[in-house]
Amino acid sequence: MCAKKIHPEERAAEFLYKDNIHEPLHDMHLWASRMKRDEQAANIPEWEEFRDLASEIKRHTLTNLDHYLEQFEKNATAKGAIVHWARDAEEHNKTVYEILKSHQVTDVIKSKSMLQEECNMAPYLEERGIVLTESDLGERIQQLDHEAPSHIVVPAVHKTKEDIAALFAKAIGTDPNNSDPHYLSESMRQHARPIFMKAQAGMTGANFAVAETGSFVVCTNEGNADIGAAVPPLHIASIGIEKLVPTLDDLSIFIRMLSRSALGSKITQYTSHFTGPRSGGELHIILTDNGRSKRLGMPDFWESLKCIKCGACMNTCPVYRRGSGMAYNYTYSGPIGIILDPSVDEERFSELPYHSSLCGSCSQVCPVKIDIAEQIRKWRRVMAAHNRLPLTRRLAFKVGGYVLANPKLFRMGEAGAYEGLKLMPDFMIYNKLLNAWGRHREMPPFAKETFRDWYLKNKKQ
Amino acid sequence: MNSEAREQILNSIRNNKPENVPYSPLRDFSSSGVEGNILELFKKHLKEAFANWHEVNTMDEAISLIHQLHPDAKVICSATPEITGNRPIHAADDPHSLEDVDVGVIRAKFGVAENGAVWLTQEDLIVNALGFLSQHLIILLDPDKIVGNMHSAYKKVELEKHNYGCFMMGPSATADINAVHIDGAQGARSLNVFFIKQMTIV
Numbered sequence: 001m002c003a004k005k006i007h008p009e010e011r012a013a014e015f016l017y018k019d020n021i022h023e024p025l026h027d028m029h030l031w032a033s034r035m036k037r038d039e040q041a042a043n044i045p046e047w048e049e050f051r052d053l054a055s056e057i058k059r060h061t062l063t064n065l066d067h068y069l070e071q072f073e074k075n076a077t078a079k080g081a082i083v084h085w086a087r088d089a090e091e092h093n094k095t096v097y098e099i100l101k102s103h104q105v106t107d108v109i110k111s112k113s114m115l116q117e118e119c120n121m122a123p124y125l126e127e128r129g130i131v132l133t134e135s136d137l138g139e140r141i142q143q144l145d146h147e148a149p150s151h152i153v154v155p156a157v158h159k160t161k162e163d164i165a166a167l168f169a170k171a172i173g174t175d176p177n178n179s180d181p182h183y184l185s186e187s188m189r190q191h192a193r194p195i196f197m198k199a200q201a202g203m204t205g206a207n208f209a210v211a212e213t214g215s216f217v218v219c220t221n222e223g224n225a226d227i228g229a230a231v232p233p234l235h236i237a238s239i240g241i242e243k244l245v246p247t248l249d250d251l252s253i254f255i256r257m258l259s260r261s262a263l264g265s266k267i268t269q270y271t272s273h274f275t276g277p278r279s280g281g282e283l284h285i286i287l288t289d290n291g292r293s294k295r296l297g298m299p300d301f302w303e304s305l306k307c308i309k310c311g312a313c314m315n316t317c318p319v320y321r322r323g324s325g326m327a328y329n330y331t332y333s334g335p336i337g338i339i340l341d342p343s344v345d346e347e348r349f350s351e352l353p354y355h356s357s358l359c360g361s362c363s364q365v366c367p368v369k370i371d372i373a374e375q376i377r378k379w380r381r382v383m384a385a386h387n388r389l390p391l392t393r394r395l396a397f398k399v400g401g402y403v404l405a406n407p408k409l410f411r412m413g414e415a416g417a418y419e420g421l422k423l424m425p426d427f428m429i430y431n432k433l434l435n436a437w438g439r440h441r442e443m444p445p446f447a448k449e450t451f452r453d454w455y456l457k458n459k460k461q
Numbered sequence: 462m463n464s465e466a467r468e469q470i471l472n473s474i475r476n477n478k479p480e481n482v483p484y485s486p487l488r489d490f491s492s493s494g495v496e497g498n499i500l501e502l503f504k505k506h507l508k509e510a511f512a513n514w515h516e517v518n519t520m521d522e523a524i525s526l527i528h529q530l531h532p533d534a535k536v537i538c539s540a541t542p543e544i545t546g547n548r549p550i551h552a553a554d555d556p557h558s559l560e561d562v563d564v565g566v567i568r569a570k571f572g573v574a575e576n577g578a579v580w581l582t583q584e585d586l587i588v589n590a591l592g593f594l595s596q597h598l599i600i601l602l603d604p605d606k607i608v609g610n611m612h613s614a615y616k617k618v619e620l621e622k623h624n625y626g627c628f629m630m631g632p633s634a635t636a637d638i639n640a641v642h643i644d645g646a647q648g649a650r651s652l653n654v655f656f657i658k659q660m661t662i663v
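Chains as they are written, first to last, in the numbering used here: chain A, 1 to 461; chain B, 462 to 663.
Note that these hints are calculated values from the structure, not bench results.
Some hints here could point you the wrong way.
Said to hold, decoys possible - Distance condition first, Cα-Cα at most 27 angstroms in a straight line; then the derived DSSO-like pairs of lysine-lysine:
id, chain 1, residue 1, chain 2, residue 2
1, A, K74, B, K478
2, A, K408, A, K378
3, A, K36, B, K658
4, B, K616, B, K505
5, B, K535, B, K606
6, B, K616, A, K309
7, A, K369, B, K505
8, B, K535, A, K198
9, A, K74, B, K505
10, A, K306, B, K616
11, A, K74, B, K606
12, A, K294, B, K535
13, A, K79, B, K617
To be verified - Where chain A lies over chain B, by a calculated footprint (3+ residues, C-beta under 8 angstroms):
id, segment
14, 499-505
15, 644-656
A virtual CB, placed ideally from N, CA and C, is assigned to each residue, including glycine.
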């Protein structure tokens, strides 16, 4: 990937200033998920112990990943699955295409897979004449709108029901004036059924892969992954190598935490375990690296591989909730995106670590205890060390560093700023072009005197 | 299989992986989240998951309840010999043949009190698609076969015997449009659990 640098603040501003409906609704829905998550977590007295355990299980698995992958491969193969390995996105997509081609598949029904998104699989297959249909409602909405998912759990959360009514009216012929979610959802069900029946292959991702049994687990609320796996004769599952857990005992911890962290439900409506092909079917598993083994060697960032893609960090993030997932312009958005994406393309995503207030709420809700906020800070250090900061910020930090290191200079500067800001016209502080961050925010009023002046005056008392 | 890719990935992991973090088996969590009578807990959580339950004493009662719940059902397909529908099902059937099933009847292996889910395997479904193409589901469950939580549940799943197994917690659901909860997104529109012991077929 070598497209140009992403400026999340500009993309966030686009969402924020679209109207006065989208952003407040987006914020409200995500915060509601966060509140439900808190309620579920509070109902399990062992919750904090689980977070520690989940982290330790993942750390153990990742530091022995070669062993667990071999164990998984051996057990899955013994049960009749065909296991493939893919080093990168290109190899993953090629493997999928070759399987489809050798089975004369023209129509594929797929459920949500972040890995397949990450690999840009859909355009690759479409260019080669395969018709791909997303079966998750949110993903389908995004597919019809030719837009990437904005959230890993609720892909179309940034759209209103009116947006979706307008989209469905154009794409599947529903009534443009009817934005009742029940009507829209039912219309999509009716529209999707014949596609399910016609597809010659079903594709899924996986939430977990269990080494001791050779099983993989897919969690959905709609049951769409299960229809895709159960109806067509061919099932292809794309699995990132970091999805492994050693045993079913370990799995029980993650299954209890995943949906509670994501949407605040106890588990997803369907938690499905595939251990070999269904009777009369064929099962292919593609174990995919695509940069993960390299990330394992980054001392500051390898623990990001513990992520179970619950989306809790997005739901809680004040920056994400205001600016939406569209701001990040990549498969993984929100706080977890900030720490994953730069390891995919450092230059392209060099501005992401600044799309954060470093409030640390993400680290507090993460079910596997990834130190997300700390890693965001470390990525900032990487960007500065690698000279990736824009000129204005580079100069500002240079001046800042120099001034802070010289007390006299600091005092002079402080007095200057104190007087200067009083005189500075608003157009300079809140200029759209100079500072997208300032557009919706008032500067706090300046204190009546500096701390130093106050201290010198009062220390004698 | 691309053995070159396999070796390269495994070698890259071996070269890059941090120092081993030791592994200790989990302590016993079988009572976590389980308080009071587990049947009552199961019933409560089943309702929270937008499903419903009924106490049923005989199979005749079960059959009349199915008709009462789904008066318009034309095709009833039962994967358990305890209930006879009007559409037979065999393991070798093409899943597509289940497209028009209105009501699917399945006997679950057990239920989970913590969340109201039932455990269904390929052997219980006979054809997996029955669990997902049916417009409505009736799940037969022995009220004595309920475990407390997911830790206990995973000790009973016997994945080595079942190529497919699913914890199903109520009907198919979505909240992808305006965060409004909707039953019947893609799979079953409703799920009713009938509490009834398994009859031995002589």
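Results for each hint:
Restraint check: the Cα-Cα separation between A/K74 and B/K478 comes to about 21 angstroms, which is no more than 27 angstroms; the hinted pair holds. In summary, the hint linking A/K408 to A/K378 is not supported, as the alpha carbons are separated by about 30 angstroms, beyond the 27 angstroms threshold. Between the alpha carbons of A/K36 and B/K658 the distance comes to roughly 36 angstroms, so the proposed pair goes past 27 angstroms and is violated. Restraint check for B/K616 and B/K505: satisfied, since their Cα atoms lie roughly 23 angstroms apart, inside the 27 angstroms limit.
Pair hint B/K535 plus B/K606 does not hold up; C-alpha atoms about 31 angstroms apart against a cutoff of 27 angstroms. Between B/K616 and A/K309, the direct Cα distance comes to roughly 25 angstroms. Compliance with the 27 angstroms bound is thereby established for this hinted pair. Of the pairs offered as hints, the one joining A/K369 and B/K505 is violated, with about 31 angstroms between alpha carbons and a cut-off of 27 angstroms exceeded. About 23 angstroms separates the Cα atoms of B/K535 and A/K198, which keeps this hinted pair within 27 angstroms; it holds.
For the proposed pair A/K74 and B/K505, the alpha carbon gap of about 41 angstroms is over 27 angstroms, so the pair is violated. At most 27 angstroms may separate the alpha-carbon atoms for a hinted pair to count; A/K306 and B/K616 meet this at roughly 24 angstroms. For a cut-off of 27 angstroms, the pair hint linking A/K74 to B/K606 is broken: about 33 angstroms separates their Cα positions. With a C-alpha separation of about 57 angstroms, the suggested pairing of A/K294 with B/K535 is violated against the 27 angstroms cut-off.
For the hint pairing A/K79 with B/K617, the CA-to-CA distance comes to about 19 angstroms; that is within 27 angstroms, so the pair holds. With 0 residues having a beta carbon nearer than 8 angstroms to a beta carbon of chain A, the segment 499-505 of chain B misses the requirement of three or more and the stated coverage is violated. Using a Cβ-Cβ cut-off of 8 angstroms, 5 residues of the segment 644-656 of chain B lie near chain A, which meets the minimum of three, so the contact claim holds.
Of the numbered hints listed earlier, those contradicted by the structure are 2, 3, 5, 7, 9, 11, 12 and 14.
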